[in-house]
Every structure is written in C-alpha cells, then in structure tokens.
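Asker: Each chain, written out:
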Amino acid sequence: MIGSLIEALQYTFMRNALMAGVLVSVACGIIGTFVVIKRIVFISGGIAHTAYGGIGLGYYVRYMVLPVLFAGSAAIQDPRPGAWPLAGAVLFSLGAAVVMGLIQRRTSQRADTIIGVLWALGMATGIIFVDLTEGYKVDLMSYLFGSILAVERGELWLMLALDGVILALVALFYKELVAISFDETFATVANVPVDIIYIGLLSMIALTVVMMMRVVGLIMVIAMLTMPAAIAGHFFRNLKKMMAGAVVLGVCFTVLGLFISYTWNLTSGASIILVSGVGYLLSLALQPLISESQSYSRNQQ
Amino acid sequence: MEQVQELQEVISIRHLWAGYDHESVLEDVNMSVRELDFIGLIGPNGGGKTTLLKVLLGLLPPMRGAIEVMGLPIKEGRRHIGYVPQTVAFDREFPISVWDVARMGRLGRRRLLRRYSTEDNEFVAEALRQVDMLDLRDRPIGDLSGGQRQRVYIARALSTRPKILLLDEPTASVDPKVSTGIYELLRQLNDHVTIVMISHDMSAIASYVKTVGCLNRHLFYHEDKELDAEMLELAYQCPIDLLAHGVPHRVFPQHGEAGPIAVHQLHHHEEVEV
Numbered sequence: 007m008i009g010s011l012i013e014a015l016q017y018t019f020m021r022n023a024l025m026a027g028v029l030v031s032v033a034c035g036i037i038g039t040f041v042v043i044k045r046i047v048f049i050s051g052g053i054a055h056t057a058y059g060g061i062g063l064g065y066y067v068r069y070m071v072l073p074v075l076f077a078g079s080a081a082i083q084d085p086r087p088g089a090w091p092l093a094g095a096v097l098f099s100l101g102a103a104v105v106m107g108l109i110q111r112r113t114s115q116r117a118d119t120i121i122g123v124l125w126a127l128g129m130a131t132g133i134i135f136v137d138l139t140e141g142y143k144v145d146l147m148s149y150l151f152g153s154i155l156a157v158e159r160g161e162l163w164l165m166l167a168l169d170g171v172i173l174a175l176v177a178l179f180y181k182e183l184v185a186i187s188f189d190e191t192f193a194t195v196a197n198v199p200v201d202i203i204y205i206g207l208l209s210m211i212a213l214t215v216v217m218m219m220r221v222v223g224l225i226m227v228i229a230m231l232t233m234p235a236a237i238a239g240h241f242f243r244n245l246k247k248m249m250a251g252a253v254v255l256g257v258c259f260t261v262l263g264l265f266i267s268y269t270w271n272l273t274s275g276a277s278i279i280l281v282s283g284v285g286y287l288l289s290l291a292l293q294p295l296i297s298e299s300q301s302y303s304r305n306q307q
Numbered sequence: 017m018e019q020v021q022e023l024q025e026v027i028s029i030r031h032l033w034a035g036y037d038h039e040s041v042l043e044d045v046n047m048s049v050r051e052l053d054f055i056g057l058i059g060p061n062g063g064g065k066t067t068l069l070k071v072l073l074g075l076l077p078p079m080r081g082a083i084e085v086m087g088l089p090i091k092e093g094r095r096h097i098g099y100v101p102q103t104v105a106f107d108r109e110f111p112i113s114v115w116d117v118a119r120m121g122r123l124g125r126r127r128l129l130r131r132y133s134t135e136d137n138e139f140v141a142e143a144l145r146q147v148d149m150l151d152l153r154d155r156p157i158g159d160l161s162g163g164q165r166q167r168v169y170i171a172r173a174l175s176t177r178p179k180i181l182l183l184d185e186p187t188a189s190v191d192p193k194v195s196t197g198i199y200e201l202l203r204q205l206n207d208h209v210t211i212v213m214i215s216h217d218m219s220a221i222a223s224y225v226k227t228v229g230c231l232n233r234h235l236f237y238h239e240d241k242e243l244d245a246e247m248l249e250l251a252y253q254c255p256i257d258l259l260a261h262g263v264p265h266r267v268f269p270q271h272g273e274a275g276p277i278a279v280h281q282l283h284h285h286e287e288v289e290v
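For the record, the sequence lines run as chains A and B. So in the working numbering, spot 98 of the first sequence is number 104, and the numbers just go up one at a time. So in the working numbering, spot 27 of the second sequence is number 43, and the numbers just go up one at a time.
Isolated chain A (complex conformation):
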C-alpha cells in the first residue's frame, strides 16, 4: 500500500490532484460551515445545479457561436477550450446566487418552490445547450462527476486565488456573517445590511461550488460542502474551530479518497464522497458518546 502511494506521488497529475484537494478543502470547510449552521443546504444545491446551465452555454458558445463569428479564423483554436464551460459555470452559479437570494428575501412564501424550479431550469438549459452543440462532448461527464486527476497547474493557481478571496471576505465580514446566521432579525434591527451580506455569502458558495465541481462533480458538490462541516459541528461548539476542523477533515477525506481511487481504479469523486459519508456516519454514531463526556466534564467543573 505504502509503496503504491509513493509510486502514485511520482506522477504530476497525482500531485496536482492532491494539491487541488487541499485547496478546495479550505474553501469548502469555511463556506460549508456557514451552509450547515445557517441551514441553507437546499439553496446551495440550487446554486450548484444551476451551474450546469452555464456549462452547456459555454459549450454552445465555444463550438457553435465562435466558429460562426470567426469562421476560418485561427482565433477559435484557443489552447483552453475548457475555459468556456468554466466561465459559463461561474456566470450561472453567481447569477443563481443573486436571483435565488433575492427571491428568498423578497417573497415571503414558497421561496423553496421557486428555488427548486430554478434549479431544474438551470440543469435543463444546460442539457438543451449541449444537445444543440454538435460534435465532441466527451468531457461533459467530468463536470457532473468530477475530474480531479485532470487538474492542471494553472487551475491550482486559480484555486489558490479563490481561497484567498474567500478567506479575506470571511475575515472582513466575519461578525456580520455570524450575526445573520445566528439571528437575522437582531442583525436587521442593528442595521446590518442583511440582504447584501446574505447574497455575498451565496456568491461565495457559488464560487466554492465551481471549484469543487472539478473535484467531485456538480452532482456531489453538496455532499462535500456539508459533510466535513457537519462532522466538525459534532465535535466543536466554536465556529472557528468548526471551520478549522472542517478544513482538516476535507483534506483527509480527499486525500484518502484519492488514494482509494488510485489503488482500486475507482472514480475519484465518488471515492471521496464515500469516504466522507463513512466518516459522517461514524461521527453520527459516536456523537452521543462525545456529547455525554462533554457535559460530564462540564458538570465536574
């Protein structure tokens, strides 16, 4: 086993994959903690799946629109065809964050229905765009199920930059983010710009989701976003510790999942999710013991 791990690390794609796992886990742990404590798993799912519409649009523009616009020109021979679907995903997920967030804030009833509808519309749009795009679409699956082994060096820098942005935003608006998560009414009365902070949080979720798409795929993004944070929440009753715990757990799950996928030649995204899921179930089973010993030690004080 150890020998095969060392062997695996000799490959650039494996080292890149490991780096990607670590970088994504940072954003995922911090943002996932807010998703869990603010209970916005559903709207996060909506944002993630709507991103597929952007991927479809990206493909369509790259393979159908550009060749028409620049017929015969060398301009469409860009070295990074993957940039188009990625840009589409960013556009759609950010758009979904703003629209769904506003709908949730402005309509008092049935906001979850509307979010569910947008969720499905986003995916359907993506599928139709892909249908309309002729030709080569093999790597579409990689957006749905992840392709961490195909991460390139340039993407690692992009992930690092996104981590930086998310860390900076969370640090700058920490007290407001905590306030709207804990007690929105009180935050409103204190004249915190609750709507802007909330939509900002949803936008950070959108960016995180696009990053994670590379690792586990759109379909499983929500699991990876929530499980490390939920487990950390079983152990820590302090928000910063919960975030740190979620980051560490995310790193462990991705690394372990990757090696399992490498050793037995399994899909990497699914392996990572399965490892996280087993961790989550274990933590659920252990939780009664932990909280008992915690309250015991408190009573002793």
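Note that these hints are calculated values from the structure, not bench results. From a predicted model like this one, the values you see are computed outputs, not experimental measurements. Among these hints, one or two may not hold up.
Said to hold, decoys possible - Partial pick of chain A residues on the chain B-facing surface, computed with a CB cut under 10 angstroms: (1) ASN22; (2) ARG45; (3) VAL198.
Cβ atoms here follow ideal geometry from the backbone N, Cα and C, with glycine treated the same way.
Could you slot chain B onto chain A? The hints should help.
Answerer: Using the frame of chain A, we list chain B on its own:
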C-alpha cells in the same frame, strides 16, 4: 427642566394601521411611551402583539400612521431599542458562546469592516454582569437553561446601551420560579431603561409592570395600571376567566375612587352580561 426630561416621550405611535397584504391587523393604534415606563402589553393570540413588535423594530412598514422612536423615524430610532426575542425556537447546535452572543449587541455600533473595540468589550462585560451571566461567558449557548439563555439575550440587548428594552414574551419558555427571577431583573433594569414587554403572563403583568395595555386589533392603553372592564372586554373574548385564574386579588391596586377592578366585580359584570 428635569421634570420635562422625566416625561420625555421615547416612543410615539399615532394613528397606526399595520398588517399584511392589505389586511389590517392593527387599527388606529395610538400610544405614547415615556422615559422609564414599564409597560406590559397583553392581548389574545392574533391580536396584533407580534405585528406591533415588528412595526416597532422597523421590520414591517406601517400601512398608515406615524411612529417615532426618540423623535427619529423608525429605521434610525431603532438603534435605541434593545430587542429581546422569544427563545422558543432556537438551534441548540449553533456553535457560539455566551460572550459572542452578547457582543452582537455592539453590531449596530460598529460599521462594516470595523472590529469590536475594547470599549465594546467593556459594555458587553458590564451587560453580562448585570444579568449575572459573566461567569458563564465561555459556555456554548446551547448548553444553557431556558432562563439563562433569556438572560443572555437581555444582556445582548443591554450591550447596545438602549434607551428602551423591547421584550417579546420574555418568560415563554421558562418555569415560574425562573420567570420571577427574570421579572425581578427587569424591575432593577427599569431604574435606568424604559421597558416595553409583550406578555400573556397576567400575574407578572400585575406584579411587576407600571402600566398595562390591551391589544386586540385596537390598543387600549391609558397610561395607568387599571385594567377596566371595558378594556378587557374589548380586548378579550373571555377576560374574566383569565383574570380569575391568573391574578390573585391583592395584585390589583386598591386606591379608592378610581374604582379598581376587583375580580368579583368582573365576575359580577360577566354574569350580568351573559
């Protein structure tokens, strides 16, 4: 001059209509809250207590009428209100300490991108000391009892340094012994701060507050503690039962000519009416 200050109006509500989707829940409500008042607002469920609270917090714009807090429009004036919510619906799992909850009271005083200052921390410590919760400052809020949690929420409101404390059913989720402690605390705090409290706890209303208002679509409030029969009848469908069970005789002020409402009289009144 000092007398004028004592009587300073802190909340003024004039001809207020409020409700949802063009259906009014509150109609022509008039109220004047003066400095160091301790007002209990009672009323049946659906009578508009929550609606009035939302209007007072600037969460629900009035349909008609004017409301001012400290002479300011509500969205500015509400910074003088320390709001204490009900603690019934609460996420025990939320990873936050007593200290961090109480410190949220300083949010309105620290703009975006500003950290809490040492002055903020002093105010928070002072507020927690006032409610006797400073020793438990590092506890996760989910580990507290209902009464302790209510005290933390009061501390959070106090750390805003409010002119007015606005409480929504402060003893809804605690047992009678604990609620006595909370009312005693409120009475002490009332030395320095105006209190408006929504409650359905008649005995507490009778024992601790200075004045009572009844809210059922209309507000019946005469800036005194006398609950006259008319008020109660208008406010409640069956006021007599409530009074007879909830309030012992002695808690009603018995000062002669004003014609205090004794439970007997109400009973009598009811019998006549029915």
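Asker: Decide, hint by hint, whether the structure agrees.
Answerer: So, going through the hints one by one against the coordinates:
| no. | hint | in the structure |
| --- | --- | --- |
| 1 | ASN22 | violated (34 angstroms) |
| 2 | ARG45 | holds (8 angstroms) |
| 3 | VAL198 | holds (6 angstroms) |
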